[in-house]
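Student: Those protein sequence lines, which keep their order, are chains A and B.
Position one of the first sequence corresponds to residue 1 (my numbering), numbered consecutively onward.
Position one of the second sequence corresponds to residue 1 (my numbering), numbered consecutively onward.
Check before you lean on any hint, since a few could be wrong.
Straight-line distance between alpha carbons at most 25 Å, and here's what the computed PhoX-like set of lysine-lysine pairs gives [what the hints assert, rightly or not]:
| hint | chain 1 | residue 1 | chain 2 | residue 2 |
| --- | --- | --- | --- | --- |
| 1 | A | 365 | A | 386 |
| 2 | A | 761 | A | 720 |
| 3 | A | 24 | A | 446 |
| 4 | B | 49 | A | 568 |
| 5 | A | 618 | B | 49 |
| 6 | A | 490 | A | 631 |
| 7 | B | 49 | A | 547 |
| 8 | A | 618 | A | 597 |
| 9 | A | 365 | A | 618 |
| 10 | A | 671 | A | 604 |
| 11 | B | 49 | A | 763 |
| 12 | A | 631 | A | 446 |
Just the calculated beta-carbon pair ranges, DEER-fashion [what the hints assert, rightly or not]:
| hint | chain 1 | residue 1 | chain 2 | residue 2 | range |
| --- | --- | --- | --- | --- | --- |
| 13 | A | 793 | B | 10 | 18 to 24 Å |
| 14 | A | 315 | B | 10 | 44 to 50 Å |
| 15 | B | 93 | A | 800 | 43 to 49 Å |
Since the hints were derived computationally from the structure, they do not count as laboratory data.
All residues carry an ideal CB built from backbone N, CA and C; glycine is no exception.
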Amino acid sequence: MKRSRLVMVGNGMAGVRTLEELLKIAPDLYEITVFGAEPHPNYNRILLSPVLAGEQTLEQIVLNDWSWYQQHGITLHAGCTVTQVDRSRRMVHASNAAGETMAVPYDRLILATGSNPFMLPLPGKDLAGVLAYRDIADTQAMIAAAARYRHAVVIGGGLLGLEAANGLMKRGMQVTVVHAAEWLMERQLDPVAGHMLQKALQERGMQFLMQAQTSALLGNEDGRVRAVRFKDGSEVPADLVVMAVGIRPNTGLAESMHLHVNRGIVVNDTMQTTTDARIYAVGECAAHRGVAYGLVAPLFEQGKVLANHLAEFGIGRYQGSQTSTKLKVTGIDLFSAGDFMGGADTEEILLSDPGSGQYKKLVLKDDKLVGACLYGNTVDGSWYFKLLREGRSVADLRDRLMFGESNIGEGGHAGQNQAAAMPDEAEVCGCNGVTKGSICQAIKEKGLFTLDEVRRHTKASASCGSCTGLVEQILMATVGGAYAATTKTKPLCACTEHGHQAVRDAIRANHLISKEEVFAFMEWKTPDGCPGCRPAINYYLISTWPKEALNDPQSRAINERSHANIQKDGTYSVVPRMWAGGTTAAELRRIADVVDKYQIPSVKVTGGQRIDLLGVKKENLGMPSGLAYAKALRTVKTCVGSEWCRFGTQDSTQLGQQLERALWAMYAPHKVKMAVSGCPRNCAESGIKDVGVIGVDSGWEIYVGGNGGIKTEVAQFFTKVKTAEEVLEVSGAFLQLYREEGWYLERTVHYVARVGLDHVKKKVLEDAAQRQALWARLQAALDGAPDPWFEGEKARVDARQFIPIPTPITAV
Amino acid sequence: MTDWTYICTIDDIPTQGARRVARAQGLEVALFRTAADEVFALLDRCPHKGGPLSQGMVFGRSVACPLHNWTIGLCDGQALAPDVGCAPRFQVRVAGRAVYLHAQELASHALHETRPLAGPAVCT
């Protein structure tokens, strides 16, 4: 069968990424031809700045070398400019530097022409030594000039201009930045941050002429630029002038083809041009819903959607992105996103300490974060950006908002929270032993752009995740402005575009009761999901339709499938249930007998007041386990309480047992830990539990959303009640709400942070009827829940897993 | 063809699951069954840190190791890029519902791999 012909005009990052995505899903569908005006294979344009600054070489920034095109059977015409496209004959005409022309027919055409630097129409703009800063040729010309000349003037104090100025300065030139606005990067920074940036750069030796209007570029007798003249008549010497005043979508070709162009080639949500269904546009040249994006992440997203469409899958729409900015100048940390300037209808939260180089501005509108501008400490940039994208109310966070989240945990990286200050050999990820240097190296050498990619290649932040914030900072600092937004909702996993909430909602609204129904209804991209989505969907099904949706053991991780906790050598640990930490001589004797019978090599007391038996072989599993491994209630830790303790005011042990007996079979989005203390001395550590109860003389205080793990989080005061029955009802209602609304693998602390404590209080505390209904639903769901160790069949435990198939008898 | 040894029927293996086949020598062989009723066999040992692949989650034609979630291809035993490593592969024959492994291969292939050790050091 003859393959369709796909021709792409442009050989840059967005276009080639589109081809990569296409080849992944439909490798043989098209005969592909690519035209690139530059005589290079696809390279990482974002890293031109490090090349200019002498930190990297051109070879290092190539993303797809010549052999990649060959391997995939792509015909590449590099150094070949497309001069005309004949839409009626579907023919692309091009010519190269030698003047040779060619014509290539197409069935479908991608325009990925990128953008052009905007050149100010000044007298002298055509002199030698006047450059834009856009491609390898410009960079090479700047490097060559830096070796011969002394004075450089950069016109434009935006992101690109400052990166160019920084690079030239590092190559030994004296650099003056000319900027028309009042402060630097006025499209990304507010005046205060702009001035702080200017001061920091001045300290490094960069000079500035602000609010300066250039009137002409003056040349010498050889036709090379020698000075820049301003409207007020003053002049500064210049052997090199770099114009970095902005870029414009490169739409010349599209206009000549009579395609609809309005601030870019106008495309719909599948990146198809609105004029000609055979023609697509992707990348900086495309105008989607009126916006032409210039950052890598949105462009790659566009590429993914376009590839899907070209592969004739017909799913996936590009719906626009929000973007954020980060400057890529070593040692300077700034971040901005959204409407960071604010206006009459917005409020601002400010922290300004120019002396220590710290500045933080958060812009709020109707209790939602709409913009942020950070200078000096950008640790929380990604958190603010997340809040901004989600558009959720931050009313309940307002008093703490300024101090950041941060999603950096406290363990595993010696308390470091600013990646920029870390030396290359410092360990970032304490789980997998990954240093800052190796992360930077992988980002540069492998061309990584997203957190996920960094995780996959380096394993940094791939285990406990406590260093995610640091890794994100390193990524931002290394790829700079390119690191930017993703779509508004994060997909549950790579099998779908839908997020957790959409899946939960669909299961409830459409009464879906099996994973197959979910996959079909929500158009899953894989036939049977992946280890990311299957456990989540299984949990959503059984928590939404208890007793109706059947638990699918094959969608559970091993610990929940075998009802024990797998160890590194493939044996298991078993933790017998001890109600609220209480035990008896008979129970202890039985445990001792089990240890002897199965020759269990290690016995250890756990942090949750139980005994852990380690090293049990799988075929020996068969003793009641305390669900010490599951996304479920773990333990209710208690202190001795008023029965014995001379300080005790309440019977914490009894309440702990009541709670544990009521909730022992409760599966949840994540593990749930509880504690009951008998007095405010709080020996059971109720302050770091998902639900913590503290007895006081007049009753019980209830705290929720605490966490003692990766990042210690103190639980928040929820309410105070008089009786143990009320504790059960309130705790149960809170947990049921979490079970119904929480996302899989979201601990209560993150759930409460996402929906807001006010929301939880409204549902559980303020509305008695709703509280009772929640508590009743939880009891109904747990009623008759089988103990997987005693009632394996009812709990749908597949017993075959415990029986090895014996050594086959070999026929000789 | 006496070289093929009968092991079990497809129905003895949980769908999207696995069984372990013991051998006279060497580690067990994991016998996987996909949702589409295909059967594959690999040495029951992840190339990463030796996790028992038979205990992992089976999806598509892959299994995710229960220890650190590496994805291992069932057809070739290869770890999914960018991870690198390979679990030894065993030939499988399915006739009707009956599953066979190659006797000679079972007796001679991948005999020297070991499980990682855990627990307190044992003095000898």
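Student: Hint by hint, note whether the structure agrees.
Tutor: Checked hints:
no. : hint                        : verdict
1   : 365/A with 386/A            : holds, 16 Å
2   : 761/A with 720/A            : holds, 12 Å
3   : 24/A with 446/A             : holds, 18 Å
4   : 49/B with 568/A             : holds, 8 Å
5   : 618/A with 49/B             : holds, 18 Å
6   : 490/A with 631/A            : holds, 22 Å
7   : 49/B with 547/A             : violated, 38 Å
8   : 618/A with 597/A            : holds, 15 Å
9   : 365/A with 618/A            : violated, 57 Å
10  : 671/A with 604/A            : holds, 21 Å
11  : 49/B with 763/A             : violated, 46 Å
12  : 631/A with 446/A            : violated, 36 Å
13  : 793/A with 10/B: 18 to 24 Å : holds, 22 Å
14  : 315/A with 10/B: 44 to 50 Å : violated, 33 Å
15  : 93/B with 800/A: 43 to 49 Å : violated, 21 Å
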